[in-house]
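Protein chains: 2
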Amino acid sequence: MTTKNNGPTRFPNLPVKEPTGAALIEQERAKATFDVKTLSKFIYGEEYLAKLDKIVPILENDSVFDKSRRYFQSRDEKIRDAWRKDRRFLELRKKHNWDDVDEKIVHGLYDQPSPYRLHYIMFVPTLEGQCNEEQRKLFLEPSKRDEIIGCYAQTELGHGSNIRGLETTATYIPETNEFEIHSPHLSSAKWWIGALGRTANYAIIMARLIIHDKDYGPHTFCAQIRSLEDHMPLPGLTIGDIGPKMGYNTVDNGFMMFDHFRIPHVSMLARYAQVKPGSGEYIKPVNSKLSYGGMVHVRASIVSETGRALARSSTVAVRYAAVRRQFYDSTSPRKWNGETIETSVIDYTMVQYRILPIIANAYALMFTGREMLRLYHLNIEAMKQGNFDILADLHATSSGLKSLTSFMAVDGIEECRRSCGGHGYSMFSGLGHFYNDYLPSMTVEGDNNMIYQQTSRYLLKTYRNVIAGTAQPSEHNLTLNYLAQYLQNPKAKCPATTPTDFLNPEVILSAFGFRAAYGIAKVAEQIDHQGRPWNDALVDLHRISRAHCQYFIVRTFFTALQRDNKENTPKLGTEERKILQAVASLFALHVMEKDLSDFVLSSYFSAEQLEMVKQQVQDLLKVIRPDAVPLVDAFAIPDYMLHSALGRYDGNVYPALTAMAEQEPLNSTQVVDAFEESIKPMRQFALKNRNNDSAKL
Amino acid sequence: MTTKNNGPTRFPNLPVKEPTGAALIEQERAKATFDVKTLSKFIYGEEYLAKLDKIVPILENDSVFDKSRRYFQSRDEKIRDAWRKDRRFLELRKKHNWDDVDEKIVHGLYDQPSPYRLHYIMFVPTLEGQCNEEQRKLFLEPSKRDEIIGCYAQTELGHGSNIRGLETTATYIPETNEFEIHSPHLSSAKWWIGALGRTANYAIIMARLIIHDKDYGPHTFCAQIRSLEDHMPLPGLTIGDIGPKMGYNTVDNGFMMFDHFRIPHVSMLARYAQVKPGSGEYIKPVNSKLSYGGMVHVRASIVSETGRALARSSTVAVRYAAVRRQFYDSTSPRKWNGETIETSVIDYTMVQYRILPIIANAYALMFTGREMLRLYHLNIEAMKQGNFDILADLHATSSGLKSLTSFMAVDGIEECRRSCGGHGYSMFSGLGHFYNDYLPSMTVEGDNNMIYQQTSRYLLKTYRNVIAGTAQPSEHNLTLNYLAQYLQNPKAKCPATTPTDFLNPEVILSAFGFRAAYGIAKVAEQIDHQGRPWNDALVDLHRISRAHCQYFIVRTFFTALQRDNKENTPKLGTEERKILQAVASLFALHVMEKDLSDFVLSSYFSAEQLEMVKQQVQDLLKVIRPDAVPLVDAFAIPDYMLHSALGRYDGNVYPALTAMAEQEPLNSTQVVDAFEESIKPMRQFALKNRNNDSAKL
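Protein chains in written order, with numbering that gives the first Met the number 0: chain S, 0 to 696; chain E, 0 to 696.
A few of these clues could be false.
Interface residues of chain S toward chain E, partial, derived using beta-carbon atoms under 10 Å [claimed, not checked]:
1. LEU137
2. PRO141
3. THR237
4. GLU413
Only pairs whose alpha carbons sit at most 30 Å apart, straight line, appear in this in silico DSS-like list of lysine-lysine [to be verified]:
5. E:LYS334 / E:LYS16
6. S:LYS143 / E:LYS334
7. E:LYS50 / S:LYS687
8. S:LYS687 / E:LYS94
9. S:LYS593 / S:LYS521
10. S:LYS490 / E:LYS492
11. S:LYS687 / E:LYS143
12. S:LYS16 / E:LYS213
Hint data in this document are derived by calculation from the structure and do not stem from the laboratory.
As the structure is a prediction and not an experimental result, all values here were calculated from the model.
The C-beta atom is built at its ideal place from N, Cα and C for all residues, glycine as well.
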């Protein structure tokens with residue numbers, strides 16, 4: 000065990016204490032009341048799981064996709080690896096003939112943002128949507144063939160959410176039939192643009208269109224920004240990386256400033272708005288409601304992704320909580336081979352209260368994302384025939400859902416990390432890194448603290464329509480339904496008389512609907528009849544968006560459990576349905592408990608009923624506890640993806656932690672260089688001072 | 000503006016748009032209703048501020064204390080700089096003859112954990128407390144002269160909070176009068192030990208004392224662990240760094256495993272427990288209640304520190320919210336030189352609702368920490384005379400306070416960061432880095448999710464004493480007082496009839512006291528008379544600890560505003576008192592609103608009163624808004640400390656962001672090496688594929 004030279008530090012081969020993590024987690028799996036595989040198929044479908052099984056070993060065995068250095072890398076090493084991975088991905092895609100679903104799986108498994116990915120997420124879809132035929136050939140086709148790499152340059156140093164406030168100008172020059180892009184102020188610099196810093200050679204540029212001194216507001220341009228030969232920025236451009244961030248450091252978020260940068264007329268994407276060559280006549284875009292559908296699709300993906308983020312975090316938290324033991328529980332001691340052992344922390348009710356609701360959130364959000372997609376597809380035909388009624392409700396709801404669910408995800412990831420105690424702070428937990436990379440979800444695709452207002456605005460409008468009698472009843476318009484029900488009796492009371500009444504979906508849904516409607520009616524009254532300004536009401540407007548979206552999620556979760564018998568999805572057995580029903584109830588009642596004051600303001604609940612809700616949450620935790628590990632196993636997240644010492648499938652937490660620590664670069668020598676530079680001189684300084692002091696005495 | 004070679008990227012000299020950040024923030028300062036300097040003096044005292052003024056320029060002008068590379072460093076560079084700083088600190092301390100207060104200021108300003116600091120925080124105090132006279136000479140004196148560097152090795156890979164579960168053994172060997180330290184399992188490895196990995200040459204080691212096969216549980220030892228000549232670990236030890244963490248990467252948290260490692264008899268710290276040489280007779284420690292006081296002192300510092308953490312975060316958030324403008328507010332448009340400009344985000348009520356309560360939290364916690372110290376000093380004499388009654392309440396409260404306030408700090412830092420929008424995600428905000436380094440406060444000095452139980456246990460005990468009539472009334476025992484008041488009328492109702500009634504401290508305090516007492520009475524009833532097990536009640540036990548501590552903080556805040564006239568502290572003027580009273584009310588009512596359901600369960604509040612609380616919170620935000628910037632200015636946090644582009648005193652946010660981005664290493668060349676390695680080959684691969692595909696057609 001002793002090291003005599005200055006070589007690397009290696010761990011001695013110490014025995015693992017009984018019961019091992021593997022034994023403990025196996026015991027958890029033996030307790031399952033349902034079949035894990037059946038539930039996984041219900042969540043993902045068989046095809047997806049088969050693809051996953053095929054791809055994991057390819058990545059595990061590819062040196063470029065190796066993750067073993069991930070937690071030790073400097074930013075420079077990280078981003079270099081990200082570019083390598085992007086290059087290798089093209090080769091593997093061709094070799095294995097990966098389709099779109101495979102691609103998503105690959106990037107999900109590798110689990111690190113990379114520069115090229117933004118090309119596909121932002122650059123290509125914008126071109127798809129806004130190019131005319133000529134531009135499709137010029138920009139879109141080479142993009143899809145990966146011959147150019149693009150970025151999406153909208154945000155500026157001084158402007159984010161308010162697109163109308165963008166400062167970059169694109170002035171039409173009739174003489175040369177060009178546009179001149181210019182940054183008038185420091186705050187006009189394009190900023191935060193993913194893959195702009197050092198990667199992209201093309202950019203979508205949002206700039207204010209100016210024709211004959213008239214400002215037509217922001218329009219979309221596409222232009223080359225770097226040489227395709229030597230990658231130098233084109234003359235007139237200053238381009239760089241904006242520096243380190245909390246996460247996302249594998250992407251070169253960049254800045255760009257324009258000094259009277261000229262681009263040809265064809266650069267203005269012309270599917271909607273156009274400028275006539277020469278005359279500079281402006282042709283207005285035709286409004287298209289079809290974009291409604293696209294946005295619902297994007298947001299459905301975001302919501303599903305928040306579900307997967309929580310699935311992943313709770314997998315780590317729950318497995319580790321089953322393995323980690325702390326203190327002897329004197330009232331119900333844990334036994335192992337006849338001896339009392341320390342209790343697994345998952346048996347403490349405080350731990351259950353923290354992490355089991357996050358499992359419930361994960362299921363709720365995965366089903367919500369799926370339901371949004373189902374509705375989207377169900378209505379796509381109706382939309383083509385000009386019928387937007389059904390989707391309008393969903394579209395309006397999707398803003399608030401994006402805001403609510405990405406907050407739920409970010410907070411849930413962090414709560415899972417914290418529930419891991421001290422080791423949760425180590426990068427080897429796999430959750431710190433994930434949290435830092437996930438944080439931007441609160442800001443991108445609409446800042447969470449802004450976009451809920453779209454939902455609130457719709458809710459108020461719907462309320463006014465119901466009051467005015469101008470609303471058309473519709474089976475799919477949830478808002479109309481709960482508002483109408485509320486208005487029939489605004490003094491209604493919750494009918495529950497025992498805690499188990501709160502397991503009844505009807506009781507739960509009525510409470511959520513009443514609470515949302517009460518809040519909407521109140522704010523509408525204040526704004527419409529008491530002159531309360533919008534800005535003054537923002538906190539309450541946020542509350543109604545939140546209340547509405549929680550109603551939507553709760554309803555969706557319960558509905559998902561009824562739907563599978565009717566439709567062409569894998570079936571649930573009795574046991575799987577039973578545990579999911581408990582999970583759905585926990586989701587709803589936990590939300591209710593957290594926001595209890597909202598339910599109280601309307602006097603819908605009595606103090607006794609509040610106690611029943613709290614009691615039922617505790618009872619549900621007891622029901623779900625034995626299935627905690629199987630419920631996260633059903634998320635089917637491979638160890639390769641988790642890259643977590645704490646969340647491993649096999650439960651061997653401590654050997655994994657020590658094996659990872661052995662790779663720490665500081666351990667490559669027994670004595671660091673800093674010893675000679677700093678540590679030794681400190682002692683010498685101290686000894687010298689002591690001698691001087693003694694000499695003075 | 001164009002760059003023709005592959006040199007570094009430099010920003011063009013673009014004009015800053017009017018109104019500049021500097022102009023906006025000056026306008027904020029002109030609105031102050033009170034004198035910032037007077038308030039600063041009230042918070043810190045004049046002496047402290049004078050020391051601060053003296054030290055800041057010393058550090059700013061010292062190359063080792065320079066922060067300009069901080070956000071760009073790899074872990075290796077970070078920790079190397081930390082050691083350099085530790086060395087330089089010793090030199091500067093001697094040169095400037097710094098005392099303990101100066102030292103704290105220096106480390107606070109530099110604001111980065113460093114290996115040597117733990118020597119002073121953990122190693123030296125343990126020796127102070129537990130050495131006998133011989134050991135003081137042997138260990139303590141050279142430690143205080145910096146001739147040896149120590150760490151505190153308690154936590155193990157498999158054991159954190161449960162000290163009784165530690166596995167490392169220290170077996171007494173009578174033959175040689177030594178102890179043999181050994182790690183029986185992998186989970187026994189010492190883990191997380193700050194400064195152990197590569198710095199310390201001595202360690203405090205917690206290990207189970209075994210004499211003649213009898214286990215006496217964990218005891219404290221001190222031993223040399225590395226050579227003082229070449230820094231190699233001593234034979235029998237495996238020592239290394241545990242790897243990267245979310246933060247604290249400037250410290251080498253380490254591991255250590257013992258292979259029958261022998262240390263002399265004198266190594267067992269013997270002020271309390273002792274082992275007789277030769278016979279191995281064990282001499283029990285005498286219980287000392289004096290340690291009560293020490294713990295209160297440590298926890299008072301922690302609480303004060305949480306206040307400073309929030310002061311710092313809110314300084315950044317508030318200043319940036321004053322400078323950052325977004326959207327035109329149509330109902331009350333912002334004017335500048337007659338023109339309508341975008342509104343500063345601090346004028347949106349949602350932003351006020353998010354960040355102004357954090358200013359209030361900062362003030363509340365700074366005053367709470369100070370009050371704890373005041374009580375500690377007030378009672379130190381009483382304790383020496385054997386009177387522990389007064390401090391008992393404070394000691395029991397301090398566990399829950401540590402838990403509650405460090406959660407408040409961590410969550411508040413993150414909320415401030417998020418309130419900065421996109422730029423809050425940049426390391427240049429100064430808050431991401433701070434958050435990551437601050438996270439361990441939830442775990443160290445007692446895991447937040449465990450230690451509240453100490454407070455809960457005391458609350459239940461006190462309740463039982465009150466019920467049994469065995470409690471002695473005491474002016475300083477807050478718990479007794481509110482419990483007694485509750486028991487006089489458990490059906491009491493809140494007397495408030497208008498929203499302004501909630502500005503009355505009596506009304507507020509009665510509500511907080513009633514709510515705490517109601518919760519305690521209920522849990523006591525369940526545990527004592529309904530057989531509810533402790534583990535089953537953990538969630539409710541957490542609630543009563545929280546309720547009690549919130550009562551304590553609210554009471555302390557209001558008391559602090561009355562006290563200064565009586566005692567020898569700098570005085571508040573009428574204006575300063577007025578704004579602080581609004582801040583105190585906001586603190587209390589915002590807490591009340593967040594935990595409203597707790598106040599409702601007891602039926603103490605009616606639904607109408609709940610609305611009044613919500614209304615009054617909104618009204619207080621309006622009162623405090625004009626003083627927001629002056630209130631954070633009063634925290635007197637120098638720019639050197641903040642190291643934040645967003646939180647600068649002068650408001651010049653955008654020039655600071657661009658200046659920092661210019662330093663990003665990726666910008667040192669216009670084209671990165673990865674272009675040749677990855678980006679160019681991707682294009683070549685794509686072009687080759689296209690040609691192959693065309694050839695096939």
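How the hints compare with the structure:
1. LEU137: For LEU137 of chain S, the interface hint is violated, since the closest Cβ of chain E sits about 15 Å away, which is over 10 Å.
2. PRO141: holds (8 Å)
3. THR237: Given a least distance of 6 Å, the restraint on THR237 of chain S holds.
4. GLU413: Check passed: Cβ of GLU413 of chain S comes within 8 Å of chain E, closer than 10 Å.
5. E:LYS334 / E:LYS16: holds (15 Å)
6. S:LYS143 / E:LYS334: violated (48 Å)
7. E:LYS50 / S:LYS687: holds (28 Å)
8. S:LYS687 / E:LYS94: Given that 30 Å is the threshold and the Cα spacing comes to 14 Å, the pair holds.
9. S:LYS593 / S:LYS521: Within the cut-off at roughly 21 Å; holds.
10. S:LYS490 / E:LYS492: holds (23 Å)
11. S:LYS687 / E:LYS143: Between LYS687 of chain S and LYS143 of chain E the Cα gap is close to 14 Å, so the pair holds against 30 Å.
12. S:LYS16 / E:LYS213: Between LYS16 of chain S and LYS213 of chain E the Cα gap is close to 21 Å, so the pair holds against 30 Å.
Hint compliance for this structure: hints 1, 6 are broken, all remaining hints hold.
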